[in-house]
Structures are given as C-alpha cells and as structure tokens.
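Participant: Listed below, chain by chain, are the residues.
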Amino acid sequence: MTGEGRIELADVERALARLRDPGQATVRATTLNLVIWCPDGDCLDRAGVVLEGIGGSRPLRAIMLIPGKGRPTAQVASNCWDGGGREICSEQVTIEGAEVALPSAVAYLLVPDLPVFAWWQGPIPDGDSVFASLAGMANRLIVDSDIAGIDAVERVSLHSGGLVDLAWARTAAWREAVAALFDAPQQRKALGRLIAVEVLGPRNEARLLAGWLRSRLDRQVGLDGKPAKRLRRVELVCGDETFFVERESRAGYGVAGGSSLADHPVALPLRDTAAVLAAELDRLGGDEVFEQALLSATG
Amino acid sequence: MGGATEPALFTIFGATGDLSQRKLLPAIYNLAQRGLLPAQFALVGYSRTQMDDASFRRFARAAIEAHSRTPVDDRFWPAFAQMIHYQPGGFDDDKHFHDLASRLTVLDKDMGGGSHHVFYLSTPSSFFPVIVRRMGNAKLNRGSAGVRIVIEKPFGHDLQSARELAGTVHRWFKESQVYRIDHYLGKETVQNIYALRFANTIFEPIWSNGYVDHVQLTVAESLGVEHRAAFYEETGVVRDIVQNHLLQVLSLVAMEPPAAFEAEAVRDEKAKLLRAVRPMAFEDSVRGQYGPGYVAGEAVDGYRTEPNVPADSATPTYIAAKLEIDNWRWAGTPFYIRTGKRLAKRVTEVAVQFKRPPHLPFSREASEHLEANSLVLRIQPDEGISLRFGAKAPSPTLSIRSVNMDFLYGSSFLTDVPEAYETLILDAIKGDGTLFTRQDSVERSWEICDPLLEQWRIGQPQIYPSGSWGPDGADELLARDGRRWRRP
Chain A
1 MTGEGRIELA DVERALARLR DPGQATVRAT TLNLVIWCPD GDCLDRAGVV LEGIGGSRPL
61 RAIMLIPGKG RPTAQVASNC WDGGGREICS EQVTIEGAEV ALPSAVAYLL VPDLPVFAWW
121 QGPIPDGDSV FASLAGMANR LIVDSDIAGI DAVERVSLHS GGLVDLAWAR TAAWREAVAA
181 LFDAPQQRKA LGRLIAVEVL GPRNEARLLA GWLRSRLDRQ VGLDGKPAKR LRRVELVCGD
241 ETFFVERESR AGYGVAGGSS LADHPVALPL RDTAAVLAAE LDRLGGDEVF EQALLSATG
Chain B
1 MGGATEPALF TIFGATGDLS QRKLLPAIYN LAQRGLLPAQ FALVGYSRTQ MDDASFRRFA
61 RAAIEAHSRT PVDDRFWPAF AQMIHYQPGG FDDDKHFHDL ASRLTVLDKD MGGGSHHVFY
121 LSTPSSFFPV IVRRMGNAKL NRGSAGVRIV IEKPFGHDLQ SARELAGTVH RWFKESQVYR
181 IDHYLGKETV QNIYALRFAN TIFEPIWSNG YVDHVQLTVA ESLGVEHRAA FYEETGVVRD
241 IVQNHLLQVL SLVAMEPPAA FEAEAVRDEK AKLLRAVRPM AFEDSVRGQY GPGYVAGEAV
301 DGYRTEPNVP ADSATPTYIA AKLEIDNWRW AGTPFYIRTG KRLAKRVTEV AVQFKRPPHL
361 PFSREASEHL EANSLVLRIQ PDEGISLRFG AKAPSPTLSI RSVNMDFLYG SSFLTDVPEA
421 YETLILDAIK GDGTLFTRQD SVERSWEICD PLLEQWRIGQ PQIYPSGSWG PDGADELLAR
481 DGRRWRRP
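Protein chains in written order, with my numbering: chain A, 1 to 299; chain B, 1 to 488.
To be clear, the hints were calculated from the coordinates, so they are not data collected in a lab.
Do not take every clue at face value.
[As the list claims (entries may be wrong)] No farther apart than 25 Å at their CA atoms in a straight line, the calculated lysine to aspartate or glutamate pairs in the DMTMM-like style are these:
id : chain 1 : residue 1 : chain 2 : residue 2
1  : B       : LYS392    : A       : GLU280
2  : A       : LYS69     : A       : GLU154
3  : B       : LYS392    : A       : ASP282
4  : B       : LYS392    : A       : GLU87
5  : B       : LYS139    : B       : ASP53
6  : A       : LYS69     : B       : ASP301
7  : B       : LYS174    : B       : ASP440
8  : B       : LYS392    : A       : ASP113
9  : B       : LYS139    : B       : GLU152
10 : B       : LYS392    : A       : ASP82
11 : B       : LYS153    : B       : ASP450
12 : B       : LYS355    : A       : ASP282
13 : B       : LYS355    : B       : ASP312
Here chain A stands alone, though its shape is the one from the complex (with noise of 0.2 Å):
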C-alpha cells in the first residue's frame, strides 16, 4: 500500500492522482464506491481485512468515515495487486471528522455514476440523520443484523431498495442446502407438511431462516432456535419425518440427510465477511427474496 499524510478535502483527488501515477496511468477502471462507516477502531481494523480480502477483484474507492470532532480531513491510500501483467488498483481514502460534516464529505468524493455500496457497521440509530444521509446516497446499504439486531434493519428496510444483510448473506450456502433436500419428488411432498423448524445457531440467521421458509412457502413455519456463535445445524420437522443439514466442526462442508433421504455432503464454504461482501458487491437493487424472509421473521 502506497499513501500520503493528513490532508484537506481539497486535496484528495490531486494526491489520489499522484499515487496513481501520472506518468503511466493515462486509463484507469473502477467499478463502485464503497463507503464504510467505522464508529471505532475495531471497526476500521475490521474495514481494513476486509478491503484487503476484496483485493484486486472488484476495483473500487474506498472511503471510511471516522466520527470525531472538527472540520473533517482526509487520508489517501492507493492498494494494487497484480492482475497478470497489468496493475489492479483500489483507492482507499479515511476521513476522520465531526459526525454531521462526514455525509458532505461522502459526496464530494464519490467516483461519479458508479454504484454506492454504504457498508454501515454497529448498531443502527434509530432518526440518525448521518444514517439516513449515507443511506440516500448507497444504491445498496450493507448492515449486519447479527450487530444491529433484525428489527432495526426491519425498520431500515421500509426506506431502502437495496439493503444487504450480512446476517442473510452468511445464510446462503444453508439455504442452498436446505432447498436441495427437496430436490427429488419423495421428499418435495414432504415439503408440503413442514411445520417447524429447529435452528443451532446465530438468533438472528434463525428467524431469517424461518422467515425464508414461511416466505417462501406462504404459510406459517415454527421455529424452534438454539443460541450458537455459527449457524452448525438446521432440521426441518415435516409431519412425522425430519430433514437436517449439519456442518462437520470447523469445515467447509457438512451433511445433509433425512427421514427418507440418506446422509450425503453438502457444501458449507465457511466465508469471512471479506468473502460475504464481495458477493454482494456484484450485485445492484434490492433482494426480494431477502425482504419478504425478514417481513416474515419479523411479522
């Protein structure tokens, strides 16, 4: 990573500029601003592993905001990873300033017309006008119902075409799995019995795991949760049969298997928020199928 000192607003794209090299660098591609907000230092070290995982994948700006006090500067950093021949290059700009200033900073730096992914960490204030601010400018506000709890991102959701959970996001691969013990017509009339679902794991990844499903299936799904710092097991109880998918400890797959359906693996790729996010990077616009689970975990 290539950067500069502390400096103004102003400044920020003339040393952007000069870390890009003006000699060379006559073209250049990126493909969405990432604006992060990063109310502590966990939080920044956390936004700094991920852009780092993100990598040269997905060139983008990065712009972190650091809630402090004064008229708000900025630092600049520019990371580049080999791209077989060429150089990918990502520009990372921190902005530490008074918290009401930060939006206005946002949009001075924003790369013109590319998406804007708000990736907001920790618990969501409810009437926070910095919040509702960044939320306007994002084409995808990111938040993780595992930190900000589900019934604000419930809240959030009403005034948001393009919110991402990561909470829902890390739910995916179970999701897969679960629909895929189905699959075959014995077990798809078994479907048509479910009436409850057991969940070991996240509180909040098990209401929208059952959300999902009475979504979904439009009619009313039990759930029956275990608290677990990951999502381990998922057994759905269908009448008198029982379905389940399970992860092996600490591995990237795991077994699925039921009443009427013999154990086999199951892919259960354990990803890092890095992973998590990328993913959703890629896409633009509001998730349906998203927001009719979370009304229904929440309803």
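Fit chain B to the known structure of chain A by using the hints.
Facilitator: Same frame as chain A, now just chain B:
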C-alpha cells in the same frame, strides 16, 4: 499553439482591476514566456489610477507572481517588463482617450508601424457604451492594421439590452472587429469537444436522436456567491451561467460539423443550432436557492444569510431545465441542463446518455444490472472522457455489469495545460474569432432565456441544502420522463 507574428499593441481598459490582475496580466506573461507573442508587442495598461510605467510594471509583476500558473523568471522579466506601458485616464473625458491615442501612435512608430490594435474592456459592462463612444471620438476604432475590441460578458441583461449594446458597439466597430469573450470556450477540454466529435469517425454516426436517449449538461459550483452578492442579486443563475457558458457548450455538443475550423464556419453552425433550441419553458424548469448545509465537510450559510443579500431574496442560485432542439438530428432527444451554487462539488461535464440496446439476448438475471452506455466529457476538474459500457463480470456464470473506462486528459499529454485566457488572448491578437461569440448567437441565447426570466419574476425558488445536488424538483423534472440525473 501557434504564436502571433504581426506587430500588436494590446490595451487593457481597467488594467488595475481584479480580472486584469488575476487573469489578463498572468496570461500575457505566460504567452510571452512561451514565445507566442509577436516580437514587436506592447502592453498598455489604462486606468484611473495615477502611476507611471515603472509603477505599473511593479504592479504587473506582483499580480503575475500572485496568480500566474508559472513562476516569474527573473532572467526573462526585464525583457518582458520593457513591453509594459501605462496610460492613466478615466472614461469621462474625450481628452483622456485622445491622450491614449497619441501614446499608442508613438508606441506603434517605435515598433516600426503597422501594428494591430487589441482593446480589452476589462471593466463593468455599464462602462462599455461610454468607452466605445470615446474610442470612436478619438478614432481608436481605426488603424493602419486590424483593430479589435474584446468585451467581457454580460452582453446585456436581456434581448433588448443586448441589442442596444450591440447597436452602440456597431456604431463604431464592425461585427468582425468585436470579440465577445466567454472564458469557458477557451478551456482546453471545451475545445476538445470539437476534436472528439470531428476528429473521430466512431462517435459522429451515433451522435443523434437515433442512438442518443438524452444529454445532461451540468455546471456545478461548490462555492456560494462569495463577495459578488450585489452583482448576483441583479443577475441570478440564468444570466450568470445559462445564457452564456451553458448554451455555448450545448451548441458545441449539438451543432452540425463545420466545413472548416474557421471563425465564420464554426460560428455559423453554432448560431444555426441555437436557432433550433426552443425557448425555455416554465413548466420544464426548476429554480432553487441554496440554504445552509455542509459542503465538502465545511459548514456554510444559506444564500439569504450571505452578506448583502436581503433576507427575503427570491434570486435563484440553481436551475434545472429541459431543452428541446427542433432539428432533424435532435428532435425528440431532450437536453437537460442544471447549474447551481453550493452544490456537492465543483464539476462541469456533458453526459451523453445512449439508448439501451433494442434487444438483449441475455437472461434477465444476467443483464439486470446493465445500464445504458454513456459518454461523459468532463470539462473541469479532472478533465477527461469517461465511457460506460457493459462487460462480463468475472464469474463462472454470465453476469453483465456496467464498467467505466476513464481517460484522464492531463495524464495523456505531459505538458502544462494553458489557461483559457491565454488561448483566447492569443486568438484575439492573431485575429481568430473562432472561439468568440457572435452577436447573432448572443441574441438567440437571450431569446431562449428571456421567456423564463419573465415568468420567474414572480414566485419563489425551492430551497436546497448546501452540499446537495439541488432541490427535489430537479429530480422530479427528470423522473417524469422516466430518467434520472447522473451523479457527477
């Protein structure tokens, strides 16, 4: 840039004023340093302030040191200083103009005779009529070689006053001698519009209503009115930006190819285009005025609490409007314009938004994130061109996304970009009027703006927060056509 060769005398009326210090003197210095001025050249400052040549040379040096894009070279300065002269005088007495004429005659003789004369009126426009009349009385409008008069905007405040001003000027000067300067037209990237359109084969065939859905022109300023409140209260956003800069840029983007890059050929095409622009309509426009807010992290006041602005001022600092061009090339393709003060950032750009492909052979999932092509000409800052096109996102499945490819003008040509005033002053010295505005274009521009200005005499602007992209009404203006503003 090819230099001027024929002897020239360059006189600045209002030589001690702000424009002269910030732009004219530095521009002339840079032209001289780059060897672009004729070998026989003299600069004459004219102003009320009493001083002699030596004092004005010191004054000029201070201005150049403060505002020039290149530092003053001590080895070059003595030679340049010898070109600088000063003639004190006001605008209220013919005698002062006769004195000036005598001084110019002496300087012309010293340079060998036959000099071209360029008179730059760097004064408030209210002085133009009296200066022109006294110039005529002193026969400064005649010369053995070319005589040109350079006028800064505003060229009137409506159609009638523009015609009156032209009538006064034309009493003493022919239209071919009048150089109406709009510094926007001297910017490298504005001139690059000519190059992009007429030096390439790939753009012109699709530069029409057949392929272009609409065009967006944005002139956004992050500053407020600063110290110009009194002027701005009289002017407002339409007279300040739309009638001149914006319509001129629009004419470059939309005009037909000229037969040659020559003054009359280019200006004929621009005038023809402006004649096809429908006058602005009240129902297709939105006016705004900035309220308090934050711009680039800085807290700023609203317009009505700026010094010298009435607390109930209805002066618009923002406009968004839809313009229609009634000709074969553009009928049905709207040109949306917006300009304002205290917006999120300073940027001037032209965005040509192309139509969507008539048929997409891809699945809905594969192409749901694909946006229409656009070509963006960024005029300031970060001059360049940006092309948006669809590309396959790296994944095992077919997913198409829009990507931007940016061409950065400054990084491609590793030379200093000249200031707009350098280009325009050199053109005036050489007698090339291509980048200057002709009276018929000025009058047509007022014809386009006047109906709206008349209707805006009543009503109030929508207040928008400083640091935003304007009032909500601007978004609604495009939304009703199923479109949205790009974020510059």
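Participant: Okay, which hints does this one fail, numbers in order?
Facilitator: 2 and 13
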